Amino acid sequence: MQHVGPMSSVARFTETAEDGRRVLRFQGDLVLPKLGPLPTRLERLKGRNYVLDLSGVGRMDTIGAWIVHRTARQRESEIVGASEGVEHLLRQVEAADQPVKVRPDPPPAFTRVLGQVGGATMLAGQTMLGLLGFFGAMLISIGQVIRHPRRFRLNAVVQRFEVVGVHAFGIIGLMSFLVGIVIAQQGAVQLRQFGAEVFTVNLIGRSSVKELGVLMTAIMVAGRSGSSFAAQLGSMKLAEEVDAMRTIGVSPMEALVLPRVFATVLMMPLLSFYAALVAIVGGGIFCWIGLDIPPITFVQRTREIIPMTDLWQLLWKAPVFGLIIAMAGCFQGMQVEANAEEVGLRTTTAVVQGIFLVIVLDAFFAVFFTSIGWI
Amino acid sequence: MSEEERDIVISVRGLRNSFGDQLIHDGVDLDVRRGEILGVVGGSGTGKSVLMRSIIGLQRPDAGEVEVFGVPMLSASEAAQQSVRKRWGILFQGAALFSTLTVAENIQVPLREFYPRLSERMLDEIAAYKIVMVGLPPDAGPKFPAELSGGMRKRAGIARALALDPELLFLDEPTAGLDPIGAAAFDQLTVDLRDRLGLTVFLITHDLDTLYTICDRVAVLADRKVVAIGTIPELLALDHEWIQEYFGGPRGRAAEEAVEEAEARAEAAEGNSKG
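Chains X and C, in that order, give the protein sequences. Position one of the first sequence corresponds to residue 1 (this note's numbering), numbered consecutively onward. Position one of the second sequence corresponds to residue 1 (this note's numbering), numbered consecutively onward.
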């Protein structure tokens, strides 16, 4: 039963039989906030040829009008008792009642899976090609900058030095310090088992300089700078800033990509060397406190056991990793089109791609350096 | 509440807004009556959009009072404000469609938010007829905003603004960036909606044609306040330099003549059909 009184404006209808026809008498306000269960009740109607009596209706909005119109159409019914305003509304929604696509039609499952696999393969291929093309375009603009050194944007590069390098000192130092301690502590536990505790120094020194320093730094730089490159360039692309640049005659490659790549390539060796150093300090402090190896002995041993080739490895790898991280970031940023969501996606891709490529290349480097005798 | 007060949909009193030491508004008073299309004009940087943002609660003013449907928006509870939000629709300057949702899903967002019990089928039907009503092509539903042209995006934005059948509609430069045909169609749409649904429209615009053809009253923002409000003939009778320059310039006169011509033609057509 419907309530009367204060609730009387709630939309409702009663069903009666008059002259052999079923009459639905609507009452209350047929407006969205007052609809309640009315649409569901109307959907449960069976049969056709009703009379929809709107004479008791108070206010009505387009949604109310739509519901009446739809019921009339589905049940092949007649609308009576509509006031002039309501009549007007009904005509409006009737005019708007056209077949409209609301959802994209879903393709069949098999085609969809096939399409997704194909799409992913295409995407991977296109990304590789795109990255290669991007690398080529970068080399060309490097060539142009070398021929016209005035076009080198020193200010932009110095600014990137600060963002990529100086601002990263704190976090990279802290991280390397902790990693140094962990390596020392875990190494010592294992080496103690066969009385080779003193070789902890070798472990710390060589692993930090050869692998950990540069890898940890690369991961941190990919997370800090690679992602920010992608996001920056991506939002610039969205705001048509990159297009504006091109029309003014400024090459985005020279103005945006080169400074970032150059700064990262230059900062990576410095940061990696610093990270290796801090990791050794961290390990040294653990050796002093935990293993009673005095700092003077630790430094002496470290100097003896780290060959110069380890440092060369670090200095070779770091700029290459920097190049890859910066390129992945800038490339993904420049690929942004369409919407804001893509900026996020591309940023994630830039970091994942950067770190993945760094680790793959690190494996190649390890094999290569071993084979040339830099053991 | 007196009869007259009930007919005021938006009431702004003594509004003051500033950014840093830059004073944007100082003592803005404005009343918007039920069922009217109020145009808001003013030079660039006079704070038209800021005024709208203050009314809809996106910008907290330094001082002043804002009442919408008699609810004091600055002091009312969250629940009271939410009930007001159900009754208005807003079209932002860039349409502000959610870029990750399709047009149909965009239209359904307010419906889902305020009426979670509506069935999925009902939601689709509402989205479908709203799409037709604002003049979008029937295949626009599953498209993403990035796939639409500027004019279509505006139409989709207005469809979303109208999703809840609001009583009050805010339009921020709806015809900016549209071609004259699209702009005229948009003006017609606004008038249609007002006549059909009894909307009150708060319209920020620079489009003189829009001002002449559809606005019942025009409020002029200048010198950090509303310097004048009234019909265009009333404004033209005022001796205010900016208003004279705005409406009396070559563009203003052209728009006026166009309206007069259209009216004359309409009268002639009426005469013919009667005769």
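Just so you know, the hints here were simulated from the structure itself, not pulled from any lab data. Since this is a predicted model, take the numbers as computed values, not measurements. Among the hints, erroneous ones may be present.
Unchecked claim - DMTMM-like cross-link-like pairs, simulated, lysine to aspartate or glutamate; straight-line CA separation at most 20 Å:
| id | chain 1 | residue 1 | chain 2 | residue 2 |
| --- | --- | --- | --- | --- |
| 1 | C | Lys86 | X | Asp29 |
| 2 | C | Lys225 | X | Asp29 |
| 3 | C | Lys48 | C | Glu78 |
| 4 | C | Lys143 | X | Asp29 |
What the hints assert, rightly or not - A short list of chain C residues far from chain X (calculated; beta carbon distances all over 10 Å):
| id | residue |
| --- | --- |
| 5 | Ile8 |
| 6 | Gly20 |
| 7 | Gly43 |
| 8 | Val71 |
| 9 | Ala128 |
| 10 | Ala146 |
| 11 | Gly150 |
| 12 | Met152 |
| 13 | Asp179 |
| 14 | Ala185 |
| 15 | Arg196 |
| 16 | Ile214 |
| 17 | Val259 |
| 18 | Glu260 |
Every residue, glycine too, gets a C-beta built ideally from N, C-alpha and C.
Output the numbers, in ascending order, of every earlier hint that fails for this structure.
-> Hint check: 2, 3, 4, 9, 10 and 15 fail, others pass.
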